[in-house]
Structure formats: C-alpha cells, structure tokens
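A.B. asks: Listed here are the chains, written in short residue letters.
There are 2 protein chains.
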Amino acid sequence: MKGIWKYKDLMDLPTNLPPFSLGEGDTPLIQSKNIGPEMGMTNLYFKLETANPSGSYKDRFAAIAIAEILNKKSKICLATTSGNTGAALAAYSAAAGLPCKIAIVEGAPEGKLKQMRAYGAKLFMIKGFGISSEISERVFDKLAKLAVQYHTRIQVSAFKYCPIGMKGVQSISFELAEDMPEAKNIFVPAGGGGLALAVARGFHLWRQRFPGFEVPRVHCVQPEGNNTIAGNLRLGLDYAQPVTDAVTKISGLQVANVIDGNDTLKACRDTKGNGYLVTDKKVFECQRLLAEKEGIFAEPAGAVSLAGWLEAVRSGELKPEDKAVCIVTGNGFKDPPSIEDLINMNPVQYLEDEESMDAYFGVE
Amino acid sequence: MKGIWKYKDLMDLPTNLPPFSLGEGDTPLIQSKNIGPEMGMTNLYFKLETANPSGSYKDRFAAIAIAEILNKKSKICLATTSGNTGAALAAYSAAAGLPCKIAIVEGAPEGKLKQMRAYGAKLFMIKGFGISSEISERVFDKLAKLAVQYHTRIQVSAFKYCPIGMKGVQSISFELAEDMPEAKNIFVPAGGGGLALAVARGFHLWRQRFPGFEVPRVHCVQPEGNNTIAGNLRLGLDYAQPVTDAVTKISGLQVANVIDGNDTLKACRDTKGNGYLVTDKKVFECQRLLAEKEGIFAEPAGAVSLAGWLEAVRSGELKPEDKAVCIVTGNGFKDPPSIEDLINMNPVQYLEDEESMDAYFGVE
Numbered sequence: 001m002k003g004i005w006k007y008k009d010l011m012d013l014p015t016n017l018p019p020f021s022l023g024e025g026d027t028p029l030i031q032s033k034n035i036g037p038e039m040g041m042t043n044l045y046f047k048l049e050t051a052n053p054s055g056s057y058k059d060r061f062a063a064i065a066i067a068e069i070l071n072k073k074s075k076i077c078l079a080t081t082s083g084n085t086g087a088a089l090a091a092y093s094a095a096a097g098l099p100c101k102i103a104i105v106e107g108a109p110e111g112k113l114k115q116m117r118a119y120g121a122k123l124f125m126i127k128g129f130g131i132s133s134e135i136s137e138r139v140f141d142k143l144a145k146l147a148v149q150y151h152t153r154i155q156v157s158a159f160k161y162c163p164i165g166m167k168g169v170q171s172i173s174f175e176l177a178e179d180m181p182e183a184k185n186i187f188v189p190a191g192g193g194g195l196a197l198a199v200a201r202g203f204h205l206w207r208q209r210f211p212g213f214e215v216p217r218v219h220c221v222q223p224e225g226n227n228t229i230a231g232n233l234r235l236g237l238d239y240a241q242p243v244t245d246a247v248t249k250i251s252g253l254q255v256a257n258v259i260d261g262n263d264t265l266k267a268c269r270d271t272k273g274n275g276y277l278v279t280d281k282k283v284f285e286c287q288r289l290l291a292e293k294e295g296i297f298a299e300p301a302g303a304v305s306l307a308g309w310l311e312a313v314r315s316g317e318l319k320p321e322d323k324a325v326c327i328v329t330g331n332g333f334k335d336p337p338s339i340e341d342l343i344n345m346n347p348v349q350y351l352e353d354e355e356s357m358d359a360y361f362g363v364e
Numbered sequence: 001m002k003g004i005w006k007y008k009d010l011m012d013l014p015t016n017l018p019p020f021s022l023g024e025g026d027t028p029l030i031q032s033k034n035i036g037p038e039m040g041m042t043n044l045y046f047k048l049e050t051a052n053p054s055g056s057y058k059d060r061f062a063a064i065a066i067a068e069i070l071n072k073k074s075k076i077c078l079a080t081t082s083g084n085t086g087a088a089l090a091a092y093s094a095a096a097g098l099p100c101k102i103a104i105v106e107g108a109p110e111g112k113l114k115q116m117r118a119y120g121a122k123l124f125m126i127k128g129f130g131i132s133s134e135i136s137e138r139v140f141d142k143l144a145k146l147a148v149q150y151h152t153r154i155q156v157s158a159f160k161y162c163p164i165g166m167k168g169v170q171s172i173s174f175e176l177a178e179d180m181p182e183a184k185n186i187f188v189p190a191g192g193g194g195l196a197l198a199v200a201r202g203f204h205l206w207r208q209r210f211p212g213f214e215v216p217r218v219h220c221v222q223p224e225g226n227n228t229i230a231g232n233l234r235l236g237l238d239y240a241q242p243v244t245d246a247v248t249k250i251s252g253l254q255v256a257n258v259i260d261g262n263d264t265l266k267a268c269r270d271t272k273g274n275g276y277l278v279t280d281k282k283v284f285e286c287q288r289l290l291a292e293k294e295g296i297f298a299e300p301a302g303a304v305s306l307a308g309w310l311e312a313v314r315s316g317e318l319k320p321e322d323k324a325v326c327i328v329t330g331n332g333f334k335d336p337p338s339i340e341d342l343i344n345m346n347p348v349q350y351l352e353d354e355e356s357m358d359a360y361f362g363v364e
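Residue numbers (full-length UniProt numbering), protein chains in the order written: chain Z, 1 to 364; chain H, 1 to 364.
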C-alpha cells in the first residue's frame, strides 16, 4: 500500500474505516539547491505538499474525512471553506459520488472557488455570511441543524471540529520520520494551528511506536498579521489568543479565532519548538525565492515556513549544521493573483527579428 | 533513492550523469471509482502525472535534460516551447542556477507563459515566429547557432532532438511495470508522439531486464485534428504523416509535423497497441468526467487517454476484464481557459438568508 493509508494503524483511526484514496501523501522531500547553500546552510530541505492530488496537504485530511462519511453512510459532505480544504473535499467527494455543498462567505474571491466548482461541488454564498457576526452565527446554527439531519458533521480542517480527518495530516510526520529521521527542526505555517498540531502529534505517535526515535522541534510560523500562537509560544506563555482582525494578506492563514491554538502551542512547546512571526512582505519574497532559486511553485502560505527558517537563521537560533525541513503546504496555482505579482517584473521580451537575438543574448 | 533516478541504470543514461531532482516521478496510480464501474469495467486505472513538481510528465524529461546540461558544463538552457516542457525546463533551470531562455511563437497565449515566468525563465517572442515559415526557419537557424556557441542543444521533448532527456520519460513504464505488471493496455495521448514512444521503449527495456515481463499494449490516442500517427497505426500503415494544419484545440497536442511519429507508430505496433482518434468535444467531456466523477483535475490533453479508452470500450476492442491504465499527463491549472468552460455550468448560488438554505438543500 502506498500513501497515507499504509500508516492506518499508526494514525489511530476507527478500525473499520475503509481506505479511500486519490493518491495523497508520499510527497517529495528535496534538498535546497540554492537558498540554503548561498547562506552556508547545507541542511535545508523542503517537503512538497504541492504534489498532492488537489495541490495541498489538505488532501491528507479529505481522504480520511470522506472515508469517515462513507463509513457512516452519510449522504453528503458539508463544509464552509473557500480555501484548500474546500478544493480537497470537493475532489474526494466527487470521487466518492457524494454531493459536496460548501457555504461561502460573502465576497470570497472567485479565483479560489474555481477548483471546487470544477470538481462539481455546489457552492452557495449567503448574504452577510462572514461579514455580519449575527448572520454568521445564524448560518452556522442552520448548518449545524442540517448536519444533524444528514447524519454528518461540518467539515473543518481543525482537530476541534474534525479530529478524525485531522489524523490523516499526521502522516506528514510519519513520512518525514521515515525519510529523514535526523531532521531536527520542522518549520510549519500556521493559521488556526491544526497543521502544526497534527505534525507535532504525528511525531509523538511515531516515538510511541519506535521508542528510539527523537522527536524533532516543531516550529510554528505565523504572519505578524495573524499572531494567535507564534508570539505567545516564543514569549513562554501557555495560551493562544484571538486577534481582533486577521490583517495578513496571506490567503489561507487569516484565522482570527484560537480554534486549535492552545493545543498547538502546547504541542509545539513539548517538542522544544519555537514561534516565528514573519511579515507578509517577507512571505511574498520567499514565494519568489522558492520559484526562482529552487524551482518550487508555491502559494504564499506555502512559503511561510521558509520565511520562518530565514528568521531562525538570521537570529542565530539555527546553526549551519542543523538539519531543517520547511513544509511547503500548497501549490502556486491555488493563488493566481499572487502569481501575477510574482511575474510582473519578468515580462515577455518582444524582438523585431532574429538578428535582434544576438543583442538579447548578449553575444558579441 | 526515490523517483526516476532509482532507474538510472535501466534508463541507459551516460554513466557519469549526476542525479538532479525536484521530486519528479513516483506518481500515483489510482483505480477509477466511477467512470469504469458505471460501464461495468472495474479494471480502469489512472496514472496521475499531474502530481509531478511542475504539474506534468515533462518533469521526467527536464530532470535528465538539465542534468545533462550541468554535466556538460553548459551555461544555459535554450528552448522553444510555450507549453509544459517550458514550465518544466524553467523549474529545473531555476533550481540548477542556469539561465533559461525560451523563444515563444508570436501570439502564444499569456496564460501558458505565466508559470515559466514565475520560475524566472526569460521569454522572448519574435515577430512572425511560428506564423511565417520563412521567419521560423531563420529563427531556428539562429537558435541553432546560439546553441553551438553555448555548447548546448535546443531542448525539445522529442527523441529526434533530445534523446537523453526523453529517456527520463521511460520511467513512467518502469513505475507501471512495478506497480501493476498485470495491466495490459496503456492509453497514451500523442501530439508529436514522444510520450508514447518513451512508454513503449520503457516497457521493452523492462522486459530486457526482467525477461518474464509481458509488454502491455501501448495505445496511441490523438485528437482527430492532429492525426499524424493514430490513424495510420490503426490502418496498418507503417508510416506517420504530417497534417497541413493541426486544427485540434487541445493545447499541447497541436504538432503538425511527424517528428518522432514513425518510430512511435512502429513502437506501438510492436506492443500490439492500436491507434485511437477522438474528437475535441469528447476530450473536453472527458476532462469534465475526470473532475466530477474521479476528483482528478486534468488539463484537456491529460483527458485524451480516457477518451481513447472510452472509444476502445465502445468499439468492443476492450473487454470488461481487461486491465487498462490511462496516463493523465498534465494538471488542470495548466490551462485556465479550459477550466472556465468546465465551471460555467456550475455557478455559485446566492442565497438571501439562512432560511433559504432549507429550500436550497431540498429539506422539507
């Protein structure tokens, strides 16, 4: 068996859960070819979650979540996401023959919705949802009632709401532990914190199974404009905190509420992981570095881990010999506007004739 | 070692070629969940080349091609493609620290160029290139001269021009032979025919190494509007033929010249493979089927193999028990306009309030 299901026992899933797969997991782990070496750091690696079937690590969640729905014989997949979770659920629902209905906040960017619609998911946008807190609450209540009627749950990629599905995400750690047990620093982007929590828990599960394994430090990296976990982790506090307004522009990491935050903070600290805060500007720069220096096409959220690694190097908290892995969470095609920004400075050059090619190539 | 480089010996590469990798290969092979079963065909599988680092099987070519450039200590990657080969070469060049310069035909669609530009490749469009045959010839001559000056070759994903790089594509067959040696029908999309030729050659190399292995039938599928190989293969003729004008709208498969065609036809016939011609309409329908019935997000060219499989079933040439694999060559994000067509029929529904949700869900 390939992919995440070979770890079925380790993930601690309901024993009767039938494997359901679109080829998620077994993602590449590749060594930095330029960014690390240029800084004298030869031990930087990237875990390319971009290579999952729908283009992000959320496929590890969706595979288990949809398997659970099938197992419970529910007849629908219900969700409220306009991001990568929605695309993943839409893909796996399509393959499972389940209708997938997704409540979208008013004003959600069209680009993010296209992949879900391509898989045939039914999207509905409710006036005021995500804008008025009163309306949002009423919509959630209504969704909760519909979920009960359909004998299902609302799919959210957080342990707080969907602990079974999130167990699938732990498989990232199992793969890292197998492929590179000597990597001692894992940099993980965080919005609500579910990914970092799953990664930390995954390593603990691996150590339970293989007692000689040394759990690496799981570092939580957040944009400054959504500092719910990373700042307090760094300060030694033992709780996460909501922000009034998630002002970061990094799509997918705007999660103002705590959700899994307290557990994430504790789990990262248990691994001796630290918190890193990075500016949006640095994240967009890292997206460009990944593309131009490593050939890795990532969405901005996927470049957050590298921004955290750079900060750890700058501050001296990471030594040149320290082996580190940055998790690149999602594919560049997920966020077309960010690609426009990326390529603005690299236009197509128009040449009048083939003779102009010498000058263009700088040939004497 | 993971990916294509574990087959280095089998690929018959120059022995001193240093592995260069972005995590290409090891792509998922998944069973059809709906399309096959709904037709009583339970043995349909998909090989998801969409999961490669830049989103297409061309990464298997680029990894070897760039390794060869590095090995020869050339200082540049030169190419003339506006499609997936360009994106793959741009990615691997970026990682290799090589400038990548790509001559683009006049009028090439902007969307196709974005991924190359994101990786930092330098694109230049020459007036009349690809439109006037006279200008095109002059541009090619000029490029050939530049290639000599730079001690390199112009990168084209065809055995005729780049036999070393194309050997990397043979790894698809090695993976299939390992994962599912009992699959006896492989459906392969063809433009110039390089992919089908690589797949057929790969299986023959596998049989040389493992004499008990039975080479599967490699079927060549082409859009009717680019019938250079498939029609003659079916007719029993022993040559490919150019078309005056490749009128198919399937991006990436518009290759009017023969290029590898004669070798492709012969290699497919040696495997007892057949030729299948499919309409563009059927291909776009298959793109939709893959998304909505299988959760597979493919570009139109990636759905051509399924269109061929459907034709083989319809004609009775494939029996229900015959195990078949369709190679899904590229990711849906490669061709944004085709996604627009796909989702036009599935708009976002706007609801006035949460009470409207009952009616929307069809709850009494």
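Because the hints were derived from the structure by calculation, they are not lab data.
Every value quoted in this text rests on a predicted model; they were computed, and no experiment measured them.
Certain hints may be false.
Identical copies go unnamed one by one, so any copy, or any two together, can satisfy a pair.
[Said to hold, decoys possible] Here are the simulated PhoX-like cross-link-like pairs (lysine-lysine), alpha carbons at most 25 Å apart as the crow flies:
{"id": "1", "residue 1": "Lys282", "residue 2": "Lys114"}
{"id": "2", "residue 1": "Lys122", "residue 2": "Lys72"}
{"id": "3", "residue 1": "Lys272", "residue 2": "Lys2"}
{"id": "4", "residue 1": "Lys72", "residue 2": "Lys281"}
{"id": "5", "residue 1": "Lys249", "residue 2": "Lys114"}
{"id": "6", "residue 1": "Lys266", "residue 2": "Lys184"}
A.B. asks: Now tell me, hint by hint, if it's right for this structure.
C.D. replies: Hint check:
no. : hint               : verdict
1   : Lys282 with Lys114 : between (28 Å within a copy, 22 Å between copies)
2   : Lys122 with Lys72  : within (22 Å within a copy, 53 Å between copies)
3   : Lys272 with Lys2   : neither (31 Å within a copy, 31 Å between copies)
4   : Lys72 with Lys281  : neither (45 Å within a copy, 38 Å between copies)
5   : Lys249 with Lys114 : both (20 Å within a copy, 22 Å between copies)
6   : Lys266 with Lys184 : within (18 Å within a copy, 53 Å between copies)
Comparing the model with each numbered hint stated earlier shows that hints 3, 4 do not hold.
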